[in-house]
Structures are given as structure tokens and as C-alpha cells.
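K.L.:
Sequence:
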Amino acid sequence: MRENSAYVFVAPGSPSTTAPRTFADLRTGALAGRDFRSLQEFAVASIVEGGYATADVARVFRIPAWRLEQWVIETGHAPR
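Here the numbering used here is used: the first residue of the sequence shown is 107, the next is one more, and so on.
It is worth saying that the hints were derived from the structure and are not from the lab. Hints may contain errors.
Unchecked claim - With beta-carbon atoms standing in for the labels, derived distance ranges:
#, residue 1, residue 2, range
1, 139, 172, 26 to 34 Å
2, 182, 124, 27 to 35 Å
3, 128, 155, 28 to 36 Å
4, 172, 144, 14 to 22 Å
5, 136, 182, 16 to 24 Å
In this text the structure is predicted, and so the values were computed from the model without any measurement. Cβ coordinates follow ideal geometry from the N, Cα and C atoms, glycine included.
Build the full structure now, drawing on both the sequences and the hints.
P.N.:
Set out below in C-alpha cells:
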């Protein structure tokens with residue numbers, strides 16, 4: 107294990123559990139280098155393809171989580 111601080115130990119290869127705070131944070135992994143036609147499309151892809159939690163994406167986009175869940179459902183996917 108590697109040590110991040112005096113109180114937190116992180117196992118090698120473990121995924122980061124840090125919530126995204128910016129659009130740049132969302133543009134990693136499956137969404138890296140992609141262009142989206144709208145912010146709505148980007149938000150839905152962040153949940154469906156990026157695997158981010160609805161609440162985290164709603165916070166970045168500054169929209170209500172219920173609205174984002176509706177967009178995800180409209181695309182035929184289940185909200186996270």
C-alpha cells in the first residue's frame with residue numbers, strides 16, 4: 107500500500123473515489139477527447155459511459171439531480 111497521508115492508506119491499483127469538481131474532471135477515462143453536441147449530452151454520457159454518480163454530475167453542471175435523472179431515463183438508461 108502507498109501512503110497518501112498520515113491517516114489514509116490507498117491500495118495500489120485501487121480506483122480514485124474523489125468526486126469530480128469540474129468539467130475537466132469528467133473528461134477522463136471513457137469521455138477523454140470526446141466532443142458533445144450539447145451540455146445535456148455531456149451530462150448524460152458522464153453518468154452512462156463515465157460511470158459517475160448522478161449527484162456528482164448534477165453538482166458539476168449545477169442542475170437539479172432529478173432533472174439529470176430524467177435526461178438519463180429519456181435516453182433509455184437507468185439512473186445511477
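K.L.:
Hint by hint, where does the structure go against what was stated? Just the numbers, ascending.
P.N.:
Violated hint (a single one): 3; every other hint is consistent with the structure.
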